[in-house]
Amino acid sequence: MLIDNKKGDSMKLYEYQAKQVFSSYGIKIPNGRVAFSPEDVDEVAKEIGSQEVVLKSQVLVGGRGKAGGIVMANAGDSASKSRELFGKDIKGFKVERILVEERLDIAKEMYVGITLDREKKGIVILVSSVGGMDIEEIAAKYPDKIGKKTVNPVWSLWDYQVRELLYEAGIPKEHFRDVFAIIKKLYNIFIRYEAELTEINPLVITSDGKLYAADGRLNIDDNALYRQKEMAELRELTGSELERAAESKGINYVKLDGNIGVIANGAGMSMATMDLIYLEGGKPANFLDIGGGASSDLVKASMELIIKDPNVKVVFVNIFGGITRCDLVAEGLVKAFSEIEMDIPVVLRLAGTNEEEGRRIIENYMEKNPNKLFLVKTMEEGAKKAVELGGV
Amino acid sequence: MLIDNKKGDSMKLYEYQAKQVFSSYGIKIPNGRVAFSPEDVDEVAKEIGSQEVVLKSQVLVGGRGKAGGIVMANAGDSASKSRELFGKDIKGFKVERILVEERLDIAKEMYVGITLDREKKGIVILVSSVGGMDIEEIAAKYPDKIGKKTVNPVWSLWDYQVRELLYEAGIPKEHFRDVFAIIKKLYNIFIRYEAELTEINPLVITSDGKLYAADGRLNIDDNALYRQKEMAELRELTGSELERAAESKGINYVKLDGNIGVIANGAGMSMATMDLIYLEGGKPANFLDIGGGASSDLVKASMELIIKDPNVKVVFVNIFGGITRCDLVAEGLVKAFSEIEMDIPVVLRLAGTNEEEGRRIIENYMEKNPNKLFLVKTMEEGAKKAVELGGV
Amino acid sequence: MAIIADENTKVIVQGITGYQGSFHTERMLKYGTKIVAGVTPGKAGTEVHGVPVYNTVKQAVNETGANASVIFVPPAFAADAVFEAVDAGIEVVVCITEGIPVHDELKMYWRAKQDDVILIGPNCPGVISPGKSHLGIMPADIFKEGNVGIVSRSGTLTYQIAYNISNLGLGQSTVVGIGGDRIIGSDFIDILRMYEKDDQTEIVVLVGEIGGIDEENAAEFISTEMSKPVVGYIAGITAPPGKRMGHAGAIIEGGKGTAESKIKALEKAGVEVGKTPMEVAEIVRAKLGQS
Amino acid sequence: MAIIADENTKVIVQGITGYQGSFHTERMLKYGTKIVAGVTPGKAGTEVHGVPVYNTVKQAVNETGANASVIFVPPAFAADAVFEAVDAGIEVVVCITEGIPVHDELKMYWRAKQDDVILIGPNCPGVISPGKSHLGIMPADIFKEGNVGIVSRSGTLTYQIAYNISNLGLGQSTVVGIGGDRIIGSDFIDILRMYEKDDQTEIVVLVGEIGGIDEENAAEFISTEMSKPVVGYIAGITAPPGKRMGHAGAIIEGGKGTAESKIKALEKAGVEVGKTPMEVAEIVRAKLGQS
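Residue numbers (this note's numbering), protein chains in the order written: chain A, 59 to 450; chain B, 59 to 450; chain C, -17 to 273; chain D, -17 to 273.
Treat each hint with caution, since some may be false.
[Said to hold, decoys possible] Simulated crosslink set (DSBU-like; lysine-lysine; CA at most 35 Å straight-line):
| no. | chain 1 | residue 1 | chain 2 | residue 2 |
| --- | --- | --- | --- | --- |
| 1 | B | 341 | C | -8 |
| 2 | D | 12 | A | 393 |
| 3 | A | 207 | C | -8 |
| 4 | B | 313 | B | 371 |
| 5 | C | 95 | B | 203 |
| 6 | B | 203 | B | 166 |
| 7 | A | 178 | D | 238 |
| 8 | C | 95 | A | 207 |
| 9 | A | 149 | A | 231 |
| 10 | B | 86 | A | 243 |
| 11 | C | 238 | B | 371 |
| 12 | A | 268 | A | 139 |
| 13 | D | 269 | A | 443 |
| 14 | B | 124 | B | 207 |
| 15 | B | 243 | A | 207 |
| 16 | A | 166 | A | 203 |
| 17 | C | 225 | B | 149 |
| 18 | C | 95 | C | 238 |
| 19 | A | 426 | A | 442 |
| 20 | B | 86 | B | 206 |
| 21 | A | 139 | A | 152 |
| 22 | A | 358 | D | 225 |
| 23 | B | 358 | C | 257 |
| 24 | B | 178 | D | 25 |
| 25 | A | 358 | D | 126 |
| 26 | B | 242 | D | 225 |
| 27 | C | 225 | C | 95 |
[Unchecked claim] One-sided excerpt, in silico: chain C residues whose CB lies under 10 Å from chain B:
| no. | residue |
| --- | --- |
| 28 | 80 |
| 29 | 107 |
| 30 | 119 |
| 31 | 145 |
| 32 | 163 |
| 33 | 176 |
If you are wondering where the hints come from, they were derived from the structure by calculation, not from laboratory data. Keep in mind it's a predicted model, so treat the numbers as computed, not measured. Heads up, the beta-carbon is just placed ideally off N, CA and C, and yes, glycines get one too.
Turn these sequences into a full structure, and let the hints steer you where they fit.
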């Protein structure tokens, strides 16, 4: 039941899944559950039984409210209203599930969020007595209503730190105890599930003085999924079709808007290659990193993947062999040319480990197939050639 | 269902209770349970169903095996054999419950223990490939079969530390993984229940290669019982009748062998008073610390308690008033003399806060009751007088 | 000069609105201790004996420049209070609270150590530099300013010995009660090291008791690192093994921590050990007379 | 002199019996790195490429006097390996392992920091001081001994730039790949500080990429603390926000960490930023020619 993007990225839970975790730690969430069809929506609305319900599109993107992804309904018209939501495109994400919840009687909105602090090597907690908008917006508009504190993970979170946060954020005295408890619970969730980010926004105070997590985010560190088994089970592939195909093969691929395909080894080298194309006036079609020590099969699979993008007019393969062997890269390319139907030109730059062997393999191949491949000496030269071939 | 001694002491669990905790963490324990009567023993023996069972007296004192507290039996004679055990005195402790267990087929005995390291401010783990005797004895006889490591509580226990311990202790390769797991579990128990000590001795390897906690200790920090609610529920008073009475009144009392009763304020002062009596050739009948800021009622209760010990021939009350007020001590003593029937002499030394008021109260009382009380100037003088009055 | 606290020490009291906190704040103020603030969450804006109360230690430090704290909060909150003080930049933390779980005491110890904060206690009577400042619950009147440093695991016994010393016309530079628990923030060696460096201190009295090997370690330190004379006292010669004598730390376990062992170690290190509190005072007078 | 590692560095390899550990041990040995021991629990007594294997780092250090470690263990065991190295007294820990949970990386960082251990990485190519010692997985042949210090968040890009520099007839004092994860043991400033003090280094190349504000912090440091010239390169001008570019750290989030921001900060600090790897090498040559 869940999502994920690229290798090394975090696994994002849907709102309804995050809320289930919050609830298991004793944080109040609105009555309701997720539905997968209009009939299902109708059923949940009847179960809830309150006058009004909220239909919330479950899509992993911010700003769905403004994009029409959240709709008020009641037990009578919830099914029909949900029909308009199901299948709708919200900022590139298709609505396939809707969280149906009781409508809360909101008196006040607040904010609580926890994430990593990479500069201080800690865990930063943000609290605000104002909520319902992005934390960046809160920080800009209400700088004196925010409490911020970086917790040293060695010592964990102590009560005095939570108190300092609450005083700093100006949390009203009557809600001090409740917000205190929620921060402690959210921190425990962050640690227990090895999160990279968790957020309750808005943290709603109803008119009868109760606190609810009205919306929730929980992103888990991908690298920890091997031991976060519950979370790993929720994992599902997302992204574009090509990105999913890449991930299933262990290739680090991000689709971009341009027409010059890029294959390189190393993330920095891949980005630098993209940047060079841009400097020469071209536009890269993708980021693709074959990593260190790639096999010829991986190289072939990468080429296959890239040319599936119809925008791609030329591919620039830029390899600096360290652990990666140039001869294996060359073999992979020859395999790709021989076994895949591809008629777009390829610019190739090979340097480093086994460079000579690699060039020899390529030159042998080029003798028989002269027009497909352009062997260059430097990455700067390669970028220039690729832009020339790809046009703008 | 449990025991405890004095204020500030640790709460000792019975073997069968410690084993229940071990078992809940996945450490194997022998099949069996505790019994409170011979009939009960019979029933457990039948439940176990194995040829031989072990009847283990549950007393909170070491060396019960040599004292005859552990007996082999079978389903047929277990009831009758247990009759001889119930009520028996083992080193001053009466047997009221017996742990009935299957008899293990022992191939080897090892040792694992965890306790506080007060010098290094850490948690010390001891492991030995030899077990079944005191750790002190193991250390003396087999110094090269012991692994010892102090864990810094800030960083907790890491796998490499357990490996170092196992290599140091010479744990055989085939049991490495099992002992490793047991140490990690025992450490988690130590932390989770805020123990002061926990021990598996012997850690038995049966002839089919399985590891069992054949005996177990788990002592919980008394000061942590307010948040270790499961453990607090097991708490019961132990010690001599007088010690139990003292504890129920919040008085810090330890019974000793001599005939000179001692009442003082502060643990150090109480010990120093005992030591002075000893230096003068006398023997103290008890340690009794009324603490700081004692009320007159507490002083009276202390006097009542001490004179219940039939050995006591004289009481030396030695007060240096800091937070404790000499006038309140004097009032308490006068109350005790007036309301309790007591005909043994009391030596009193009062110094410090409200000394004058205290002395006046005592002198007023002495005018009417000249023979009971001896007011002295210094604690050295007081000890001399007490020994003189108490004889040896 | 004195050690740990002097007339310039600016003190906050954590838990100032509680019974103990309020009572001892008044006594410390009367003695002349510079108590600049109190801390009790939720009580900011109030006053206790004229001392302003803040919600957090950080606020109190920011407003008053305090550099020392005396802690009177209940045991369940003591570790948090120590962490808060250390985090706020307090340099000396005196924790009076008794009955703190030992696993919390471990955390307190390491937290203070990491930031080089002097932690005295817990479960201790505090620190007094007679005539200058008093951070704790001692009967301040019995002390006199002078050149004898005292460091002790026992409260009342400290007062007794200080009283005997004062009665001989001598006085104390600083008196430190390090506390009777098993895990304490500063041990004998930490305090001895300070006395060795302190101009005002000419002789040191070490008051120990049964349990642990802190006195034995101190003896080792004295024999190698101390140039000033040390006089000792050890309580618990008559304490039986296996029975805890009041303090969580005062117990003879596994043959370790006996009074005999401690006295022997100290005497081997050149420390004259008095048999009674009075004798300790007399030895101090004799030694000061010689020098 | 070089930084972090030189011809006297005595190295152990943790995880030496694994595929990666064994492969790179052989390469490092060939380069001349003094690898004195390997560690794999349960494999004591065996050898890998002639290097003796021990069960624990402590044993390896005791037997060989090693002072540096290169870690190749799988991600699930990497934090434990770092803790073991620090506890055994290792002074430089280079953690090659990729894919370590970030909560483990936090612990690794603080453990190393507490004991003043230099932790490089994780998820990094390591450290090479050309002609002296190589602790890592770099293609050692492309480096030449010289006076250019390189510090980089990116592996292959480092080799490219070093290669360009070497091809111009120059060489490197030390090359440090600090790793691409969000939480790393040593950041740009830590390494810049070492280069500033190093006699052999006359100019420093800083290779950054999108994500975080480490380059911005480095710029601040350079403008106030560095006397030696610094040349920069930043990858990721064309990277879109919200998409992670391979490295866990390479992502533009909440408008922070763009290449523009980093280039601007560096240029403001007087750092000339090359547009291509080749250009970086040429700037270095020009600057060295001036001095």
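Verification of the supplied hints:
At most 35 Å may separate the alpha-carbon atoms for a hinted pair to count; residue 341 of chain B and residue -8 of chain C exceed this at roughly 48 Å. Proximity of residue 12 of chain D to residue 393 of chain A is assessed by CA-CA distance (about 33 Å); at most 35 Å being required, the pair is judged to hold. Distance check on the hinted pair: residue 207 of chain A and residue -8 of chain C sit about 27 Å apart at the alpha-carbon level, within 35 Å; holds. Only pairs whose Cα atoms come within 35 Å are accepted, and residue 313 of chain B paired with residue 371 of chain B is accepted, the gap being roughly 15 Å.
Note on residue 95 of chain C and residue 203 of chain B: the hinted pairing holds, with a Cα-Cα distance of about 34 Å set against a maximum of 35 Å. Restraint check for residue 203 of chain B and residue 166 of chain B: the C-alpha separation of about 14 Å stays at or below 35 Å, so the hint holds. Taking the CA atoms of residue 178 of chain A and residue 238 of chain D, the gap is near 16 Å; set against the 35 Å cutoff, the hint holds. Restraint check: the Cα-Cα separation between residue 95 of chain C and residue 207 of chain A comes to about 22 Å, which is no more than 35 Å; the hinted pair holds.
With a C-alpha separation of about 40 Å, the suggested pairing of residue 149 of chain A with residue 231 of chain A is violated against the 35 Å cut-off. Restraint check for residue 86 of chain B and residue 243 of chain A: the C-alpha separation of about 34 Å stays at or below 35 Å, so the hint holds. Taking the CA atoms of residue 238 of chain C and residue 371 of chain B, the gap is near 32 Å; set against the 35 Å cutoff, the hint holds. Among the hinted pairs, residue 268 of chain A with residue 139 of chain A is consistent with the structure: their alpha-carbon atoms are about 29 Å apart, no more than 35 Å.
For the hint linking residue 269 of chain D to residue 443 of chain A, the alpha-carbon distance of about 30 Å falls within 35 Å, and the restraint holds. Restraint check: the Cα-Cα separation between residue 124 of chain B and residue 207 of chain B comes to about 31 Å, which is no more than 35 Å; the hinted pair holds. Using a Cα cut-off of 35 Å, the hinted pair residue 243 of chain B and residue 207 of chain A holds, with the two alpha carbons roughly 34 Å apart. Of the pairs offered as hints, the one joining residue 166 of chain A and residue 203 of chain A holds, with about 14 Å between alpha carbons and a cut-off of 35 Å not exceeded.
Taking the CA atoms of residue 225 of chain C and residue 149 of chain B, the gap is near 15 Å; set against the 35 Å cutoff, the hint holds. Only pairs whose Cα atoms come within 35 Å are accepted, and residue 95 of chain C paired with residue 238 of chain C is accepted, the gap being roughly 26 Å. Our distance criterion of 35 Å between C-alpha atoms is met by residue 426 of chain A and residue 442 of chain A, whose separation comes to about 25 Å. For the proposed pair residue 86 of chain B and residue 206 of chain B, the alpha carbon gap of about 23 Å is at most 35 Å, so the pair holds.
For the hint linking residue 139 of chain A to residue 152 of chain A, the alpha-carbon distance of about 16 Å falls within 35 Å, and the restraint holds. For the suggested pair residue 358 of chain A and residue 225 of chain D, the alpha carbons sit about 24 Å apart, so the restraint of at most 35 Å is met. For the suggested pair residue 358 of chain B and residue 257 of chain C, the alpha carbons sit about 30 Å apart, so the restraint of at most 35 Å is met. With a C-alpha separation of about 32 Å, the suggested pair residue 178 of chain B and residue 25 of chain D falls inside the 35 Å cut-off, and the hint holds.
Taking the CA atoms of residue 358 of chain A and residue 126 of chain D, the gap is about 34 Å. The hint holds against a cut of 35 Å. Of the pairs offered as hints, the one joining residue 242 of chain B and residue 225 of chain D is violated, with about 40 Å between alpha carbons and a cut-off of 35 Å exceeded. Distance check on the hinted pair: residue 225 of chain C and residue 95 of chain C sit about 31 Å apart at the alpha-carbon level, within 35 Å; holds. For the restraint placing residue 80 of chain C at the interface with chain B, the shortest Cβ-Cβ distance is roughly 9 Å, inside the 10 Å limit, so the hint holds.
Here the hint on residue 107 of chain C is kept, as its CB sits about 8 Å from the closest CB of chain B, short of 10 Å. Because the closest C-beta pair between residue 119 of chain C and chain B is about 6 Å apart, less than 10 Å, the hint holds. For residue 145 of chain C, the suggested interface contact is upheld, since its CB lies about 7 Å from the closest CB of chain B, less than 10 Å. Checking residue 163 of chain C against chain B: minimum C-beta separation of about 9 Å stays under 10 Å; hint holds.
Interface hint status for residue 176 of chain C: violated, as the beta-carbon distance to the closest one in chain B is roughly 19 Å, over 10 Å.
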